[in-house]
Amino acid sequence: MSFVQNIQKVLRQNIREYGMFIAMFIIMAIFTFTTKGMFISSRNISNLLNQTGYIAVLAVGMTLVIVIRHIDLSVGFLAGFLGAVAAIALVFWKLPVFVVIPLVLVLGVLAGLLTAMPVAQLGIPSFVASLAGWLIYRGALLLSTMSTGTIIIPDATFNAIGNGYIPDIPGLDFFLPKVHKLTLLLGVIAIILFIANEINARRKKQAYNFEVLPLDMFILKLVFVSLLLGGVTWVLAGYNGLSWTVVIVLVVVAIYHFVTTQTVLGRHIYAIGGNPEAAELSGINVKKLTYIVFGSMGMLSALSGILFTSRLQSATTTAGTLFELDAIAAAYVGGVSAAGGVGKVTGSIIGALVMMSLTSGMNLMSIDISLQYIVRGAVLVLAVIFDVTTRTRGK
Amino acid sequence: MTTPLLEMRNITKEFPGVKALNNVSFSVAEGEIHCLVGENGAGKSTLMKVLSGVYPYGEYSGDIIFGGEVQRFSGIRDSERVGIAIIYQELALVPELTVYENIFLGHEIRKGLVVDWNETIRRASQMLKKVRLDVNPATKVKDLGVGKQQLVEIAKALSRDVKLLILDEPTAALNEDDSANLLDLIRELKAHGVTCVLISHKLREVIAIADSVTVLRDGQTVCTLSAAKGEISEHVLIKHMVGREINNIYPPRERAYTDEVTLEVRNWHAYDPNLGRQILKDVNFHVRKGEIVGFAGLMGSGRTELALSIFGNPEGYHLQGELYVKGRKTTLHHPHDAIKAGIAYVTEDRKGNGLILIQDVKQNITLANLEEIARRGVVDGNAEVKVAEEYKTSLNIKTPTVEQKVSNLSGGNQQKVCVGKWLFVKPDILILDEPTRGIDVGAKYEIYTIMTRLVQQGLSILMISSELPEILGMSDRIYVVSSGRISGELPVEEASQEKIMHLATN
Numbered sequence: 000m001s002f003v004q005n006i007q008k009v010l011r012q013n014i015r016e017y018g019m020f021i022a023m024f025i026i027m028a029i030f031t032f033t034t035k036g037m038f039i040s041s042r043n044i045s046n047l048l049n050q051t052g053y054i055a056v057l058a059v060g061m062t063l064v065i066v067i068r069h070i071d072l073s074v075g076f077l078a079g080f081l082g083a084v085a086a087i088a089l090v091f092w093k094l095p096v097f098v099v100i101p102l103v104l105v106l107g108v109l110a111g112l113l114t115a116m117p118v119a120q121l122g123i124p125s126f127v128a129s130l131a132g133w134l135i136y137r138g139a140l141l142l143s144t145m146s147t148g149t150i151i152i153p154d155a156t157f158n159a160i161g162n163g164y165i166p167d168i169p170g171l172d173f174f175l176p177k178v179h180k181l182t183l184l185l186g187v188i189a190i191i192l193f194i195a196n197e198i199n200a201r202r203k204k205q206a207y208n209f210e211v212l213p214l215d216m217f218i219l220k221l222v223f224v225s226l227l228l229g230g231v232t233w234v235l236a237g238y239n240g241l242s243w244t245v246v247i248v249l250v251v252v253a254i255y256h257f258v259t260t261q262t263v264l265g266r267h268i269y270a271i272g273g274n275p276e277a278a279e280l281s282g283i284n285v286k287k288l289t290y291i292v293f294g295s296m297g298m299l300s301a302l303s304g305i306l307f308t309s310r311l312q313s314a315t316t317t318a319g320t321l322f323e324l325d326a327i328a329a330a331y332v333g334g335v336s337a338a339g340g341v342g343k344v345t346g347s348i349i350g351a352l353v354m355m356s357l358t359s360g361m362n363l364m365s366i367d368i369s370l371q372y373i374v375r376g377a378v379l380v381l382a383v384i385f386d387v388t389t390r391t392r393g394k
Numbered sequence: 000m001t002t003p004l005l006e007m008r009n010i011t012k013e014f015p016g017v018k019a020l021n022n023v024s025f026s027v028a029e030g031e032i033h034c035l036v037g038e039n040g041a042g043k044s045t046l047m048k049v050l051s052g053v054y055p056y057g058e059y060s061g062d063i064i065f066g067g068e069v070q071r072f073s074g075i076r077d078s079e080r081v082g083i084a085i086i087y088q089e090l091a092l093v094p095e096l097t098v099y100e101n102i103f104l105g106h107e108i109r110k111g112l113v114v115d116w117n118e119t120i121r122r123a124s125q126m127l128k129k130v131r132l133d134v135n136p137a138t139k140v141k142d143l144g145v146g147k148q149q150l151v152e153i154a155k156a157l158s159r160d161v162k163l164l165i166l167d168e169p170t171a172a173l174n175e176d177d178s179a180n181l182l183d184l185i186r187e188l189k190a191h192g193v194t195c196v197l198i199s200h201k202l203r204e205v206i207a208i209a210d211s212v213t214v215l216r217d218g219q220t221v222c223t224l225s226a227a228k229g230e231i232s233e234h235v236l237i238k239h240m241v242g243r244e245i246n247n248i249y250p251p252r253e254r255a256y257t258d259e260v261t262l263e264v265r266n267w268h269a270y271d272p273n274l275g276r277q278i279l280k281d282v283n284f285h286v287r288k289g290e291i292v293g294f295a296g297l298m299g300s301g302r303t304e305l306a307l308s309i310f311g312n313p314e315g316y317h318l319q320g321e322l323y324v325k326g327r328k329t330t331l332h333h334p335h336d337a338i339k340a341g342i343a344y345v346t347e348d349r350k351g352n353g354l355i356l357i358q359d360v361k362q363n364i365t366l367a368n369l370e371e372i373a374r375r376g377v378v379d380g381n382a383e384v385k386v387a388e389e390y391k392t393s394l395n396i397k398t399p400t401v402e403q404k405v406s407n408l409s410g411g412n413q414q415k416v417c418v419g420k421w422l423f424v425k426p427d428i429l430i431l432d433e434p435t436r437g438i439d440v441g442a443k444y445e446i447y448t449i450m451t452r453l454v455q456q457g458l459s460i461l462m463i464s465s466e467l468p469e470i471l472g473m474s475d476r477i478y479v480v481s482s483g484r485i486s487g488e489l490p491v492e493e494a495s496q497e498k499i500m501h502l503a504t505n
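Protein chains in written order, with numbering that gives the first Met the number 0: chain A, 0 to 394; chain B, 0 to 505.
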């Protein structure tokens, strides 16, 4: 088969997986063009990623919640409330950062389990249970900030989470003075690891005599992904390097991607989403997994709260407003199916990036906020239409 | 003789791959009670769906003549308009609405733009009197028992000036008293000029009430018998119902069972809190190593419920009694416990609760035993494919790759995936619930061959089946289940279709 035919075949078979990447490239290209390159500048991309962080971690958790056919509306104000708790613990209780962060994450898990309880035990729709949470945490946020209003956080370590960058390797100023060397190094390592991993997996598959991509397609994939990683690395290294936010998001995505694709736990979650009755009859404890998924959602809400509070360097009375809807939209744009059982963590991250790119690009173009909402709404519905049509038409 | 009210001539209805009705003729005289009997799958329900317009004109071939005119129904509304009403097994009432709202649902009495509730209630009360149901019309339907709900359904039909009332197994879910009441009511309606078609499995009822009986078998009319001529008796009905030639071939099999009992159930009772009634009563049975035990019975007799109550009780029945697995008394709280104890359950409803249709063959096969191919919670994807390939070969699952979604497979191959999934948990006791439902003859034979091989390897198989030839062809021993009880136990040498049907319809 010829090279072009191979490309066509691979694209057609994986249109759903690659469609989102293609859409993102198109959106980025359009904005780069309309803003005369401002969009793709190191500074803007770095900002864009940092702004996506607190929605991205929510979208990761929301993916699993939607996969098991539920929804969690409480996450936005839960994030806001737990951010305020973190601020109070730092400022008024004078607790050290390394106590505050685990404490808030544990509180998040507990809050998630609490949401799960009526859902798992009594079969109450998660929409209702989490709507109650939405109201309660909104009240809790107002209550905790009532006497003080906005709480300013002076702690430099905490604020670095949302604003800081990883340090550079010292003593290398003679070489590429304006470029972040550690970021560059990490990027190179990531590319090498990726290629090694891919080759390794391909060898294993061949050892079992399984079908693999044709060699030219395989090389094309390696080159493409390497260029992508390299490009992002170069752009980021050109500003301040990797931010702590991006590092945290990458770690979260890596863990969740691994759990959902490689582990028994992940497989059970997707089985429940695909057919809860069949999952139960296969010996899977649906109740227990509902607790686990909502517990993880709670923990990620706490993380989102920490990222946002740290980014603002303060806890405000309106923190977390509409986060839950942004996260849900990101998940749907990223190909998560409302019918359950389908959706990838990585897809949701791309979804979050697409939505944030739209905001960022339109801001740069000074498009009015009213039009921005309309455009984002249209993109959401188009993404879902694309998803549904390719799913029913596909194999 | 009076002219027929209804005549269905040469009705043929095909589903992909199956002829559900083959040239069926069915005629009902005005003012009679006409019973329609036949085994599960004989085509009774399909015939009634053709009549009521569920399968509209054009989806079947043949003529329907009702009230002297050829009818071409394009939907249920058309058949209702000429005066045909069907009451299904699963009642079609809205539980949260009141009795009077339900009776006039879809035919609301209007005064201008709004519903005239006073007139509605007045007319509903009249209807309730007609069916001798003494309840407040403002009661919500969900607060009534099944028997009373059925009467509400009849009242609903009567409110539309029904000429032909069709009842699909109306007494299946009723106790003795309610059943007797219902039959009395049907007789009374007959006296008021309502013609009635009754589908029933309970032959005694049929004999007691029918003016004539039509027997269907394998989608064809076998005969129509008349009570006036004294043609109806239990013996004759059973003979016509089961008189099917056994044309399925069963693989040859040697006796594989030993004396070792692997599964035993004693004094087993189950109460379903959702239905609010006892579903299993004092069930006792045992299965030996290497034995195929057939569970015969009619649909709704409680066989699936029995299987689920043993398999970790996922429906949350209230259970009483003792369960012994491999000689040890156990309690199983979740299917997970049952799997650990060595029991596997292949469901009768593979699409509903057996398979995950959006996932592929390999994921379905390994789902119930992922731990087997995982190390420290991480699934070995390559080992998974290997396992799936093994079952693909040994069960002859026809699929291009094990990465194919199971929704793209044929029924027979889906069933093999189900079987493979449950063999992968390495069970000692395999419960097969309607293992060959909806699959073609070739695939059936393959399933039988697999079963034969498994008992040779020392598995115990508990097979639930509504197909009598299959029960007779595959079992070593047969239990007959009727209304939640074991109504008989037969070694296969002593069993016959007639004997089983007799026990099942008791």
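Hint data in this document are derived by calculation from the structure and do not stem from the laboratory. One thing to keep in mind: the hints can contain errors.
Each computed DSSO-like pair below joins lysine-lysine, with the alpha-carbon atoms no more than 27 Å apart [what the hints assert, rightly or not]:
{"hint": "1", "chain 1": "B", "residue 1": "K397", "chain 2": "B", "residue 2": "K425"}
{"hint": "2", "chain 1": "A", "residue 1": "K286", "chain 2": "B", "residue 2": "K339"}
{"hint": "3", "chain 1": "A", "residue 1": "K203", "chain 2": "B", "residue 2": "K339"}
The structure presented is a predicted model; accordingly, all values stated were derived computationally and were not measured.
message: For a quick check of understanding: which of the numbered hints are violated here, in increasing order?
response: Checked against the structure, the only hint that fails is number 3, while the rest are satisfied.
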